[in-house]
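Student: Sequence:
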Amino acid sequence: MTTGDRFFSQSGNLADLAVASVTNTALRHAFDDLLDGLKRSLDVAYAQLTFDPQVSAWFARERAPDAPPETAPANDDGPDLTVVCRQVIAHSTPIEVTDLARHPVFADEPFVTEAGYRFYSGLPLLSDSGRALGALCVLDTRPRVLTDTERASLHGAVRQASIQLELRRALESARRANRYRSRLNVLATRGFRGPLTTITTVLGELASFTHSDDEKELLALALDAARTLETDFRQVADATAEEADQDLQPSAQVPLSGVFNDLAHSMSLPMRVHGTRLEVEATDVVLRTNAPLLLRALCSLVRVALERRATLVCVQCTHDADGLQLSVRARGGGDRSGMNDRDARGVAEDLAGLNPNGSLGLGTSIAKRSCDVLGYQLLVETALDIGSDYLIRIPAAQIVR
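The numbers in the sequence shown follow my numbering, run straight up by one, and end at 405.
Bear in mind the hints are in silico, worked out from the structure with no lab data behind them. Don't take each hint at face value.
[As the list claims (entries may be wrong)] If you anchor each label on the Cβ, the simulated ranges turn out as follows:
1. Asp217 with Pro399: 52 to 60 angstroms
2. Gln91 with Leu175: 45 to 53 angstroms
3. Ala226 with Asp347: 21 to 29 angstroms
Every residue gets a Cβ at the ideal spot worked out from N, C-alpha and C, and that includes glycine.
Please work from the sequences and hints to get the whole structure.
Tutor: This is the structure we're talking about:
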């Protein structure tokens, strides 16, 4: 199947194809620069792009399911060229009229009798399969014939418009696919979490009735694995609950104490389950930030501390000349509390983005992505049998007070 055919084969219902535009610019205004350049190069009075209604509907922004496809001309202030441009689209063939006033079909059209246009030349905007997706045309107020050079310029503009349209379609398709994957991830993780919660509960009950040391050890291993899976699914759900473009919502003035309170509330149950104490420092700092993203980063790092069997997790902030530093310090947990030199180097390289090799793990990866979007730096300091400190560096410019 060609790229052009995919415009119309993804669904029989145009409402299903109505997705958010690549930009806030309407499709009919996305080619204004190209049309202005064409007018200057050919020395004509007017240039226009008209799209097939299905193409316009595919690119429409937030169209209601029962809304009709967009049929407005490419330029709301220009003449209504529907009668002639639709012929170019319908027959996938060029139309050039030297003198519209003498044409048997178009002579009585308003764009001739009222607007005074005398010359028309239009070419179909073709997909890879040869299907006409629209028409590009130029008009002038005097009868004329295009030279070979001018006609070549018109054909070149059509090719540019086709390429731009295909690029916009590809970008929009990618965004739509990302949103679709996000919804699937959320649904899948919700579906898995229910059975896992049941398994965890049953294993916990069985442990209270088990007397053999071997049976207790096996149940403890199974319970730990179930809790790890439950945590991982929750993190994936949290990370994909919002679409990627929603991560970039405008920042606001946020009291850091409010984010810390939300952190303590969100992590209260996991901390009780793991028997870990969470200490959160009081602060009066106010940041200009995205509170949900910052909270997501902190929750992910606290979960990493729980995975390392920490018995104490401290969250605090400190000031220095370069800005603010938020730290999540994990202590306890024996030989799992910190990393050896090789693992520490791998994590540091991944956090710096210099040599990604998969050392971060799910929780730290989610925290890093959140920090990257916010413009923060995530670092780690670690030592075996002592613990790990995850540090979020926030630029001074984002500190309100």
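Student: Hints first: check each against the structure and report whether it holds.
Tutor: Taking the hints in turn, this is what the structure says about them:
| no. | hint | in the structure |
| --- | --- | --- |
| 1 | Asp217 with Pro399: 52 to 60 angstroms | 54 angstroms, holds |
| 2 | Gln91 with Leu175: 45 to 53 angstroms | 31 angstroms, violated |
| 3 | Ala226 with Asp347: 21 to 29 angstroms | 26 angstroms, holds |
The structure fails to meet hint 2 from the earlier list, while all remaining hints are met.
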